[in-house]
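Please build the complete structure, drawing on both the sequences and the hints.
Read top to bottom, the protein sequences are chains A and B. Using this note's numbering, the letters of the first sequence correspond one by one to residues 1 to 177. Using this note's numbering, the letters of the second sequence correspond one by one to residues 1 to 370.
If you are wondering where the hints come from, they were derived from the structure by calculation, not from laboratory data. In this text the structure is predicted, and so the values were computed from the model without any measurement. Hints should not be assumed to be uniformly reliable.
Quick list of the computed label-pair ranges, beta carbon to beta carbon [claimed, not checked]:
hint: 1; chain 1: B; residue 1: D198; chain 2: A; residue 2: G87; range: 33 to 43 Å
hint: 2; chain 1: B; residue 1: G7; chain 2: A; residue 2: G98; range: 41 to 51 Å
hint: 3; chain 1: A; residue 1: G87; chain 2: B; residue 2: S254; range: 20 to 30 Å
hint: 4; chain 1: B; residue 1: D198; chain 2: A; residue 2: L143; range: 46 to 56 Å
hint: 5; chain 1: A; residue 1: S80; chain 2: B; residue 2: N12; range: 31 to 41 Å
hint: 6; chain 1: B; residue 1: P100; chain 2: A; residue 2: G98; range: 49 to 59 Å
Where chain A lies over chain B, by a calculated footprint (3+ residues, C-beta under 8 Å) [unchecked claim]:
hint: 7; segment: 216-226
hint: 8; segment: 231-244
Away from chain B, derived, C-beta distances all over 10 Å, residues of chain A [said to hold, decoys possible]:
hint: 9; residue: D48
hint: 10; residue: D54
hint: 11; residue: K63
hint: 12; residue: V70
hint: 13; residue: L91
hint: 14; residue: G93
hint: 15; residue: V96
hint: 16; residue: G98
hint: 17; residue: V103
hint: 18; residue: F112
hint: 19; residue: D147
hint: 20; residue: F150
We put the CB at the ideal spot given by N, CA and C, even for glycine.
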Amino acid sequence: MSSISLSSDGTPQELSRSRQDKSDQPSQWEQQAYDPRERATLVLGEHDFTTVTDSIAGIALGKTPTMWYVAMSVSLSLLSLLVVTIGYLLLTGVGVWGNNNTVSWGFPIINFVFWVGIGHAGTLISAILFLLASKLADGYQPLCRSDDDFRRVLCGDFPRLARRSRMAGLLVIAVPE
Amino acid sequence: MGVNQAGRVGNNVGSDVYPLRLTSHAYVRMGVAWQTTGKTVTLASTQEHHVLPSIADSALTARLGEKGQAGLLVHETTLADYNHDHHAAHGIGHVPHAAPLYNQPSQFDTPHRWAMTVDLNKCIGCSGCVVACQAENNIPVVGRDNVLSNREMHWIRIDRYFKGSVDDPDMVHVPVACAHCENAPCEQVCPVAATVHDAEGTNTMVYNRCIGTRYCANNCPYKVRRFNYFDYHATDPREPAKPWVGIPDEQQASDVPTLKKMVHNPDVTVRMRGVMEKCTYCIQRIAAARITAKNGYASGERSTDLVQDGELVTACQATCPTQAIVFGDLNDPNSKISASRRDDRAYEMLAELNLGARTTYLAKIRNRPS
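Structure below.
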């Protein structure tokens, strides 16, 4: 059966006819297993507005779990380690990275390429999944994309910090003397 | 050798063996036994720095392709071969030059055209030029730990090339400093134009512009650029680097010890942390000679305001015991440097890169049966 059926006067049949309209020939859309006009159920389970509001607002309004404090303190201690090491780097010199006169860029360029590679690869994979209309990463895509953005910001730190220590990243911007 | 009382620099350097030398055994001490201590001490030596690994050869072959022929880094031949063919040291054929994409904007020859040659026949590898350069140009002493980390700041290095058997190899010393390429790769990558050519062909460093990206050092084919990773001038070479919180441009004044300031050459900038530096052809001596010439011309004591051959010597040239280094003005066809450039033995290191290096070399001729 042809997928596009024509009416008797040669014009294409209306595609927006309702599903209740039982004509003699089913439209091309009705032959498909998945009807895009019918929206998928967004919220599964026995939920109404109240239960949805409660479950989402409960994260912020409810009692904070103890494990959250544990995980947050671990993260903050690692972040403070980053601040301390960057401060040591800026005040002491780029040599603390172990660069020397033949390996001028060792540590910073390895980290730059690592993070920019991960960031770009994540974006590329995300784009490929999107183009293929894959449902694989639907829920995670916003998270992955923002994560890739953070990685790109992070990779920029290495060329910025690898500069002369006195103004570090500021020297990327032209500043009048 | 060992020193116990020689001030800050010399104290506790080496091992003191004088306790072995008693008045009763002033010159010969018998019955001494050796015993290994089991300790290991790493020797801080710059000799093994900048060694070309075998991977460099394969990279060179890959870059030049099958038909390409690399220029020899060291040109040498025997006297018999040289007498037979004065170009024998340069190998067979010419080094291929890739066609340049654009003409040079300038010949960098106004009013002078500075150049240097190093005669490998005369060089005995004494490192006198290295020390003279260090004294002249305020090059910091980095200390043992930083030498071990390959961070020595000498603007000249003495390369060694070996040939023959391991037991009795032939060796060639090649002093390598910035070659002041007319087509300088370092200048093409500097994002802030901190290294630029002047009208006379010296590749100059503008220290105040340098933000320390170290891009130039990565692009330098001779690997002669040196980066000041720590405040070597402000710290004791035997102590680890210390943080500096103040404004860096004030650091020379406030943080360099007074006695050390008196050691420095007042004509040369004291570079602190985060600045790239390299051979300047002793630009301060060039400037001084130019000023002398101009003043002499203005007062009618001389007929020209140009620096004449022999009026200007670089620090390395002045100290070289065998006078292997010649520096001068190529615009003067009668100068020593022009004669040296016309020599049959003259060659340019890494000529295949189209650098137009101002520092060239004279091939080594061995006086022995071939």
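Outcome of the hint check:
Remark: the range hint 33 to 43 Å for B:D198 to A:G87 is upheld by a beta-carbon distance near 39 Å. A C-beta distance of roughly 31 Å is found between B:G7 and A:G98, which places it outside the suggested range of 41 to 51 Å. For A:G87 and B:S254, the hinted distance range of 20 to 30 Å is satisfied, since their beta carbons lie about 21 Å from each other. For B:D198 and A:L143, the Cβ-Cβ distance of about 55 Å falls inside the hinted range of 46 to 56 Å, so the restraint holds.
Between A:S80 and B:N12 the Cβ separation comes to about 39 Å, which falls inside the hinted range of 31 to 41 Å. The beta-carbon spacing between B:P100 and A:G98, approximately 38 Å, falls outside the hinted interval of 49 to 59 Å. A count of 5 residues in the segment 216-226 of chain B with a Cβ less than 8 Å from any Cβ of chain A is obtained; the coverage claim is therefore met, three being the minimum. For the segment 231-244 of chain B, the stated coverage by chain A holds: 5 residues have a C-beta nearer than 8 Å to a C-beta of that chain, and at least 3 were required.
The non-interface label for A:D48 is consistent with chain B: the shortest C-beta to C-beta separation is roughly 60 Å, beyond 10 Å. Every Cβ of chain B is farther than 10 Å from the Cβ of A:D54; the closest lies at roughly 53 Å, confirming the non-interface assignment. Every Cβ of chain B is farther than 10 Å from the Cβ of A:K63; the closest lies at roughly 44 Å, confirming the non-interface assignment. Residue placement check: A:V70 keeps its beta carbon more than 10 Å from all beta carbons of chain B (closest about 33 Å).
A beta-carbon of chain B is positioned within 10 Å of the beta-carbon of A:L91; the least distance is around 4 Å. A cut-off of 10 Å between C-beta atoms contradicts the statement that A:G93 is not in contact with chain B; the least separation is 5 Å. For A:V96, the condition that its CB be more than 10 Å from all CB atoms of chain B is violated, with the nearest at approximately 8 Å. At roughly 7 Å, the least C-beta separation between A:G98 and chain B is not larger than 10 Å, which violates its mark as non-interface.
A beta-carbon of chain B comes within 10 Å of the beta-carbon of A:V103; the shortest separation is about 8 Å. Every CB of chain B lies more than 10 Å from the CB of A:F112, the least distance being 12 Å, so the non-interface label holds. With a closest Cβ-Cβ approach of about 28 Å to chain B, A:D147 is found to remain outside the 10 Å limit, as its non-interface label requires. Under the 10 Å C-beta cut-off, the non-interface status given to A:F150 relative to chain B holds; the minimum distance is some 24 Å.
The structure shown violates the earlier hints numbered 2, 6, 13, 14, 15, 16, 17.
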